Amino acid sequence: KAGVTQTPRYLIKTRGQQVTLSCSPISGHRSVSWYQQTPGQGLQFLFEYFSETQRNKGNFPGRFSGRQFSNSRSEMNVSTLELGDSALYLCASGQAAGANVLTFGAGSRLTVL
Amino acid sequence: EDQVTQSPEALRLQEGESSSLNCSYTVSGLRGLFWYRQDPGKGPEFLFTLYSAGEEKEKERLKATLTKKESFLHITAPKPEDSATYLCAAETTDSWGKLQFGAGTQVVVTP
Numbered sequence: 001k002a003g004v005t006q007t008p009r010y011l012i013k014t015r016g017q018q019v020t021l022s023c024s025p026i027s028g029h030r031s032v033s034w035y036q037q038t039p040g041q042g043l044q045f046l047f048e049y050f051s052e053t054q055r056n057k058g059n060f061p062g063r064f065s066g067r068q069f070s071n072s073r074s075e076m077n078v079s080t081l082e083l084g085d086s087a088l089y090l091c092a093s094g095q096a097a098g099a100n101v102l103t104f105g106a107g108s109r110l111t112v113l
Numbered sequence: 001e002d003q004v005t006q007s008p009e010a011l012r013l014q015e016g017e018s019s020s021l022n023c024s025y026t027v028s029g030l031r032g033l034f035w036y037r038q039d040p041g042k043g044p045e046f047l048f049t050l051y052s053a054g055e056e057k058e059k060e061r062l063k064a065t066l067t068k069k070e071s072f073l074h075i076t077a078p079k080p081e082d083s084a085t086y087l088c089a090a091e092t093t094d095s096w097g098k099l100q101f102g103a104g105t106q107v108v109v110t111p
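For the protein sequence lines, the chains are Y and C, in the order given. Going letter by letter, the first sequence gives residues 1 to 113 in our numbering. Going letter by letter, the second sequence gives residues 1 to 111 in our numbering.
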């Protein structure tokens with residue numbers, strides 16, 4: 001059974017650019033959540049999607065956005081990148097809405113120069 | 001303000017030396033308390049969910065317990081493969097789907 005797939009795994013951007021990260025959930029899972037992980041702040045919730053609807057959003061500026069498609073795949077976008085956006089971005093999928101049992105992907109490591 | 005605090009930050013154990021990790025939480029309306037394990041270069045891996053005080057769950061050498069203010073993860077007779085960062089997280093009734101994570105406890109088990 002394939003796990004949660006995140007692409008790209010690594011990327012380097014410069015300040016002011018934008019980035020789009022992709023997440024393919026486990027087949028049959030309809031919930032996708034995104035988290036940011038940094039050494040200083042740990043794991044912080046970004047947003048949760050279920051059946052293409054954003055159900056919950058964390059305390060991040062409007063530069064962070066996301067969406068979910070009808071096949072449950074999800075993308076998150078960060079515009080006008082700042083140095084502080086350097087982090088590991090983790091996607092997790094679940095069978096139902098809510099945290100329940102989440103399966104995380106390996107993450108996308110973003111470095112902003 | 002909701003808070004999840006883990007202690008200790010790091011723990012070094014000899015193989016076979018049992019110990020406990022602590023996760024204290026101050027949240028309004030706990031829906032579930034989760035434990036995850038994270039290995040370097042990987043995403044967190046689900047271990048347990050606890051929903052009510054007094055609940056206990058076990059998996060191999062790990063046992064998680066929950067009280068009204070804290071949760072413990074007991075590691076019995078650990079092996080080197082138990083080395084990882086252990087994360088606890090709380091989900092509240094008014095933020096369903098949002099996990100608030102603690103900073104984690106880094107566990108190293110030496111042979």
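Rather than coming from a laboratory, the hints here were simulated on the basis of the structure. Wrong hints could be hidden among the right ones.
Said to hold, decoys possible - Result set (DSSO-like, lysine-lysine): computed pairs, CA atoms no more than 27 Å apart in a straight line:
| id | chain 1 | residue 1 | chain 2 | residue 2 |
| --- | --- | --- | --- | --- |
| 1 | C | Lys79 | Y | Lys13 |
| 2 | Y | Lys57 | C | Lys42 |
| 3 | C | Lys68 | C | Lys42 |
| 4 | Y | Lys57 | Y | Lys13 |
| 5 | C | Lys79 | C | Lys68 |
| 6 | C | Lys69 | Y | Lys57 |
What the hints assert, rightly or not - Anything over 12 Å on all C-beta distances counts as not near chain C; from chain Y, calculated:
| id | residue |
| --- | --- |
| 7 | Gln6 |
| 8 | Arg9 |
| 9 | Ser33 |
| 10 | Gly42 |
| 11 | Gln44 |
| 12 | Glu48 |
| 13 | Glu52 |
| 14 | Asn56 |
| 15 | Phe64 |
| 16 | Arg73 |
| 17 | Leu88 |
| 18 | Ala92 |
In this text, all values refer to a predicted model and were calculated from it rather than measured experimentally. We put the beta carbon where it would ideally sit given N, CA and C, even for glycine.
If any of the earlier hints don't hold here, list their numbers in rising order. 1, 3, 5, 7, 8, 9, 10, 11, 12, 14, 17, 18
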